[in-house]
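Could you build all of it, start to finish, from the sequences and the hints given here?
So the sequences go chain by chain: A and B. FYI, the numbering for the first sequence is 1 to 586, going by the UniProt record's numbering. FYI, the numbering for the second sequence is 1 to 188, going by the UniProt record's numbering.
These are calculated hints, taken from the structure and not from any lab test. Being a predicted model, the structure only gives us computed values, none of them experimental. Treat the hints with care, since some could be wrong.
[As the list claims (entries may be wrong)] Between beta-carbon pairs, the in silico distance windows are:
#1 Tyr265(A) x Arg172(B): 27 to 33 Å
#2 Asp444(A) x Pro162(B): 52 to 58 Å
#3 Gln182(A) x His180(B): 56 to 62 Å
#4 Lys95(B) x Glu131(A): 51 to 57 Å
#5 Asn39(A) x Val94(B): 55 to 61 Å
#6 Gly153(B) x Gln428(A): 35 to 41 Å
#7 Pro162(B) x Gly274(A): 36 to 42 Å
#8 Ser169(B) x Gln443(A): 54 to 60 Å
[Stated by the list, open to error] Chain A regions said to be covered by chain B (calculated; three or more residues, Cβ under 8 Å):
#9 89-95
#10 257-270
#11 308-322
#12 356-363
Just so you know, even glycine gets a beta-carbon here, dropped at the ideal spot from N, CA and C.
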Amino acid sequence: MLAVDPEPRSNRIRQMASAFPEEVLEHVFSFVTSDKDRNAVSLVCKGWYRIERFCRRRIFVGNCYAVSPAIVTRRFPELRAVELKGKPHFADFNLVPYDWGGGVWPWISAMAEAYPQLEELRLKRMVVTDESLELLSRAFGNFRVLVMVSCEGFSTSGLAAVAANCRNLRVLDLQENYVEDQSGYWLSHFPESCTSLEVLNLACLEGEVNSSVLERLVARCPNLRTLRLNQAVPLEKLANILRRAPQLVDLGTGAFAADPRQELYSKLANVFEGSKSLKSLSGFWSVVPSYLPAIYSVCAGLTSLNLSYATIQSVELVNLISQCHNLQRLLVLDYIEDSGLDAVAASCKDLQELRVFPSDPYGVEQLVSLTERGLVAVSAGCTKLHSVLYFCRQMTNAALLAVAANRPNLIRFRLCIIEPRTPDYLTQQSLDVGFGAIVKSCQDLRRLSVSGLLTDLVFEYIGAHAKKLEMLSVAFAGESDLGLHHLLSGCKSLRKLEIRDCPFGNKALLANAAKFETMRSLWMSSCAVSFGACKLLAQKMPRLNVEVIDEVGRPDSLPESSVEKLYVYRTVAGPRSDMPDFVCTL
Amino acid sequence: MEKGVPAGLLEITELRLGLPGERDRVLEEKKGKKGKKRAFCEDEDGKDGEEDDDVDDELGRVKDGVVGWPPICSYRQKTKSSCRNGGGVRVRYVKVSMDGAPFLRKIDLNMYRGYSDLSLAFRNIFGYLRVGDISEKDPKFSEYKPIYEDKDGDWMLVGDVPWEMFTESCRRLRIMKSSHSTEVDVEA
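Have a look at this one:
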């Protein structure tokens with residue numbers, strides 16, 4: 001760059017831009033991989049926009065209704081990898097009605113025409129039919145990667161089509177989908193010539209798969225590094241399958257339970273000793289603890305351990321986990337108890353992510369001794385801890401202050417105190433101060449879920465301090481519109497805000513209307529937003545889709561009463577055309 | 001997936017795991033108030049008038065009638081119910097004491113699939129070898145005898161009744177030294 005340059009900046013840029021032939025720019029752009037950076041590149045000038053759009057290979061669409069398949073295929077004619085997300089996050093908790101939308105068919109049919117060379121498709125919270133999977137399997141000759149997370153609408157027939165027709169399939173990763181089980185024989189549709197699998201995750205399938213077919217498939221795929229079995233695969237078969245894939249890095253067991261038998265135990269222990277590359281273990285649907293020592297030989301190498309379906313006692317959990325000195329990621333049920341978390345804090349010094357799930361979320365009493373003490377212990381002992389998801393039944397401001405002081409490096413902090421509006425059990429006060437300490441101390445916090453008794457004050461703290469916060473989940477909190485106003489006016493980086501059962505209403509919503517164009521989406525359910533206000537918002541902001549979801553009655557007949565659910569998102573595609581009758585876009 | 005099922009039909013099909021005990025009664029009361037899923041009910045205040053795509057509510061997955069709280073992925077709830085070992089989705093905590101041991105433990109009977117599993121649990125908790133494995137009645141190993149108090153207040157020997165019947169009626173467990181057996185009136 002010249003130190004002194006009298007020419008106007010725009011001329012300089014044009015000169016610079018045209019100084020390089022397109023091929024050179026394309027080559028340079030190929031090193032720019034993040035979506036944010038590529039978007040920035042395309043904004044530099046028209047020339048770069050044009051070049052960039054032809055050489056973009058991957059795209060991430062965080063809200064499938066923010067843009068249309070036509071717009072995407074028109075702008076980016078050479079995509080090889082597409083990632084789409086459909087339903088809002090609260091759909092995971094049954095808050096979004098079944099046929100709200102999120103169907104993938106329009107995308108797949110548009111891409112079948114525009115991208116015959118498509119290689120990768122990643123979908124989250126979308127409705128995927130067997131027809132969509134069948135089209136996918138036939139339309140893309142070099143298709144390699146299919147990842148579906150929290151999707152539904154398809155059956156094993158759709159999977160059979162993918163297995164049969166995708167000749168170069170490398171990744172079939174099914175995470176937490178609802179799959180209708182029509183036949184376990186779909187796995188047999190992988191031809192004998194299929195040897196390219198690297199990732200095969202079947203954990204979410206309910207039905208039985210043929211073990212010998214699976215074993216043969218595993219045996220002929222030398223690059224298989226991830227294999228996750230479903231519950232239906234019995235422990236007896238695990239050893240046989242695992243023996244065929246000693247190179248595995250990531251294993252999800254089936255049921256880890258059988259009547260105690262010495263020869264089965266020895267067989268398992270033997271085969272695990274041979275799995276020298278294992279770094280990640282999951283599965284453990286139903287566990288007979290006496291079989292756990294069979295995996296001790298791999299513990300030292302584990303970086304990720306998911307025991308969140310294992311209903312085993314703290315003692316047995318600790319026996320296992322305390323050997324995993326290199327653990328970075330741990331998912332577990334609250335059976336681990338505070339004492340178990342003390343052990344984690346002592347043994348797992350590299351821990352980065354901890355998730356503790358409730359074993360009895362709908363129970364009334366606290367039957368398991370997991371409290372705020374366990375959280376504090378881990379925050380003190382594990383200096384690299386940056387992501388926390390913690391379900392518990394009691395909390396104090398003091399504990400939150402301790403966590404904040406111990407772990408200023410937190411980037412994700414999701415705390416769920418099971419009973420709504422639970423105060424600090426020692427002082428009976430709200431937890432505003434505790435969460436305030438978290439956002440003040442953890443300057444890089446990107447994701448936060450709050451719970452317990454909270455007033456508008458906590459939102460003042462969040463608005464004032466959580467400058468990097470991108471996603472916030474709020475439930476049963478706050479006192480007035482002021483709370484919501486603090487959030488919308490203060491959180492500069494906010495992209496996703498989801499709120500339920502809070503007394504937030506029209507004033508804050510309308511006063512911050514412009515904010516919603518800077519965010520991906522806003523979800524509000526069981527709050528105090530009126531239909532009339534939603535209409536106003538929609539009129540003010542034409543580039544937002546303001547969806548009112550109301551299954552009970554006609555919301556427009558009572559414009560001053562609160563709407564059931566509100567989903568607001570920015571879009572360049574206009575109102576969507578596939579809404580069921582209980583959704584209306586204003 | 002269930003959709004648009006009339007409210008009355010849901011009531012008929014709703015499972016009632018009618019275990020006695022305070023906690024369960026409380027839960028039943030709360031459920032009775034507003035816990036059931038309803039399809040399009042116009043007299044509702046809108047909050048709970050949700051159509052649901054899971055059948056989970058039949059198993060009591062709604063806390064105090066609030067849908068989607070606590071925020072646990074519906075997938076995780078569904079999976080937990082199908083990999084539960086014992087009698088249903090509720091927990092069945094009972095106290096376990098062992099003669100000579102200074103502490104009481106609580107265990108969840110629903111975590112175990114049968115008597116041999118329970119046997120192993122005792123070993124892990126109290127650190128001794130043989131409970132007197134139910135299938136091998138070897139007198140050499142019966143230094144300890146597990147007994148349980150049933151819902152009538154009687155002390156019974158563990159292992160005599162089918163497992164499901166045991167988990168239903170067991171109120172608490174005691175691992176008794178055989179030498180103490182004359183102190184307790186154990187039903188044959």
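**Message:** Going through the numbered hints above, which ones does this structure break? Give me the numbers in ascending order.
**Reply:** Violated hints: none; all satisfied.
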